[in-house]
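J.: Count along the sequence shown starting at 1, add 158, and that's the number in this note's numbering.
Rather than coming from a laboratory, the hints here were simulated on the basis of the structure.
Every value quoted in this text rests on a predicted model; they were computed, and no experiment measured them.
A couple of the hints might just be wrong.
[As the list claims (entries may be wrong)] So the derived label-pair ranges between C-beta atoms look like this:
| # | residue 1 | residue 2 | range |
| --- | --- | --- | --- |
| 1 | Thr162 | Thr260 | 39 to 45 Å |
| 2 | Ala254 | Ala231 | 40 to 46 Å |
| 3 | Leu263 | Ala198 | 38 to 44 Å |
| 4 | Ala272 | Glu178 | 36 to 42 Å |
| 5 | Glu228 | Thr260 | 23 to 29 Å |
| 6 | Arg258 | Thr164 | 34 to 40 Å |
| 7 | Asp214 | Thr173 | 15 to 21 Å |
| 8 | Arg273 | Ser230 | 29 to 35 Å |
| 9 | Glu239 | Thr176 | 30 to 36 Å |
| 10 | Ser230 | Arg251 | 31 to 37 Å |
The C-beta atom is built at its ideal place from N, Cα and C for all residues, glycine as well.
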Amino acid sequence: MAGTFTLRIVTPERTVYTGETESLRAPGSEGSFGVLARHAPMVAALGVGPVEFSEDGSRRQMATSGGFVEVSAEGTTILAETAEFGDEIDVERAQAARDRATKRLNQQSEIDRARAQASLARAINRLSVGGAS
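Between the sequences and the hints, there should be enough to build the whole structure, so can you do that?
T.: What follows is the structure, given as structure tokens:
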């Protein structure tokens with residue numbers, strides 16, 4: 159039988175989630191990774207993308223944008239810059255952010271491409287988790 163572990167997801171503004179889970183999948187800076195109960199202790203950079211975890215037999219998903227993940231014997235803590243469940247995402251705002259970032263990337267003038275690409279990745283992530291494309 160698979161065990162469970164305590165998962166805490168925290169942003170600078172609030173504790174977004176605390177509960178027991180059997181598994182976690184998160185976007186790392188070098189690719190996605192998974193965590194199960196009794197995982198070896200580690201610290202990893204959190205990338206932009208969906209965090210997925212199980213809760214009472216069902217899958218939950220939230221959009222995150224950067225931070226750190228700490229796995230320890232006491233549980234797993236995600237310290238995220240932002241973290242939103244799909245029903246918390248303002249889809250119209252995320253679509254507008256995606257459109258602005260795409261427009262900035264397509265302009266011929268000198269722009270901060272890395273910043274525009276990061277903005278686009280965050281918007282696409284939020285739309286994916288928020289249920290819009």
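J.: Checking against the hints above, which ones are violated?
T.: As far as the earlier hints go, 5, 9 are violated by this structure, in ascending order.
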